[in-house]
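Taken in sequence, the protein lines are chains A and B. Just so you know, we're using the working numbering here: the first sequence kicks off at 8 and counts up by one. Just so you know, we're using the working numbering here: the second sequence kicks off at 8 and counts up by one.
Think of the hints as simulated: they come from the structure by calculation, not from any bench. A couple of the hints might just be wrong.
Every beta carbon over 12 Å from chain B, so not counted as near; a handful from chain A, in silico [stated by the list, open to error]:
id : residue
1  : R11
2  : A16
3  : A39
4  : I42
5  : L43
6  : H66
7  : E68
8  : K69
9  : S70
10 : M84
11 : S100
12 : G112
13 : V114
14 : H119
15 : N121
Short, incomplete list of chain A residues facing chain B, as computed with Cβ under 7 Å [claimed, not checked]:
id : residue
16 : I9
17 : I12
18 : A25
19 : A27
20 : A35
21 : S55
22 : N57
23 : G58
24 : N79
25 : K104
26 : G133
Remember, predicted model here, so these are calculated numbers, not experimental data. The beta-carbon is built from N, C-alpha and C at its ideal position, and this holds for glycine as well.
Number of protein chains: 2
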Amino acid sequence: MIGRINHIAMVVPDLDVAAAQWRDLLGADISAPNILKDHGVRIVLVRSVNGQVELMEPHGEKSPIAGFLQRNPEGGMHHICYEVNDIGLARQSLEAKGARVLGDGLVQTGAHGNPVLFLHPEDFNGILIELEQVSAGGTE
Amino acid sequence: MIGRINHIAMVVPDLDVAAAQWRDLLGADISAPNILKDHGVRIVLVRSVNGQVELMEPHGEKSPIAGFLQRNPEGGMHHICYEVNDIGLARQSLEAKGARVLGDGLVQTGAHGNPVLFLHPEDFNGILIELEQVSAGGTE
Numbered sequence: 008m009i010g011r012i013n014h015i016a017m018v019v020p021d022l023d024v025a026a027a028q029w030r031d032l033l034g035a036d037i038s039a040p041n042i043l044k045d046h047g048v049r050i051v052l053v054r055s056v057n058g059q060v061e062l063m064e065p066h067g068e069k070s071p072i073a074g075f076l077q078r079n080p081e082g083g084m085h086h087i088c089y090e091v092n093d094i095g096l097a098r099q100s101l102e103a104k105g106a107r108v109l110g111d112g113l114v115q116t117g118a119h120g121n122p123v124l125f126l127h128p129e130d131f132n133g134i135l136i137e138l139e140q141v142s143a144g145g146t147e
Numbered sequence: 008m009i010g011r012i013n014h015i016a017m018v019v020p021d022l023d024v025a026a027a028q029w030r031d032l033l034g035a036d037i038s039a040p041n042i043l044k045d046h047g048v049r050i051v052l053v054r055s056v057n058g059q060v061e062l063m064e065p066h067g068e069k070s071p072i073a074g075f076l077q078r079n080p081e082g083g084m085h086h087i088c089y090e091v092n093d094i095g096l097a098r099q100s101l102e103a104k105g106a107r108v109l110g111d112g113l114v115q116t117g118a119h120g121n122p123v124l125f126l127h128p129e130d131f132n133g134i135l136i137e138l139e140q141v142s143a144g145g146t147e
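Given these sequences and hints, build the entire structure.
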């Protein structure tokens, strides 16, 4: 079911500081910052040959990553996102096998405008997994 | 400096259970388990088109991930590994800019037999970054 790794997301307390560190210390290729207002985050992409890291800081009043930053004030690794071909089928199959979808269980529109869902980290050893529907994104 | 993402490592309390979840729930392509005795871990690779996740459980008495599992009994995301061309140059450049290398600061032999180092997560917003020297692994 899961296909390409779309991104690995990291939460940071100060996006500009973090982006400068990745650029200046690690020599990383970084994007300009981008506010995703509907998702309550401001992000910078760290692009590499075979994938990308998303550095994120909370934006606005009700950011979904504010709680993570309260628990981890320094920041940390937040989630990994895999591409799938058909998120409806993925959800059906996962729920049939007992995995839980976060929130109201419905497919949402993700930060890239594609349908996404997040799986409950309690079902995957504390690892938060996002699935994103991308054309030809999965293995079936 | 940093090149390909070599792997994203996750610590799990029970490797066999976790590997079965990734295989059966997520339909992931997983490897057979492998004990890396010198590194104090038992691992399974979750292979996808553009990268791999390493699921790891502690192995032996002095596993370097035992402490992580004590702090996070459920498991969680542990580190991200980037490839570089020349780890000696990478270390020199990073230390010159104030980043700290974990342990005795020396380059070690990593789980894949290549020279590796780990950067101090306090210098990178709580994110543990491994650098691994792979021929033609970096951007310079």
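Notebook entry, point to check: For which of the previously enumerated hints does the structure constitute a violation, in increasing order of number?
Noted result: The structure breaks hints 1, 2, 10, 11 and 19; every other hint is satisfied.
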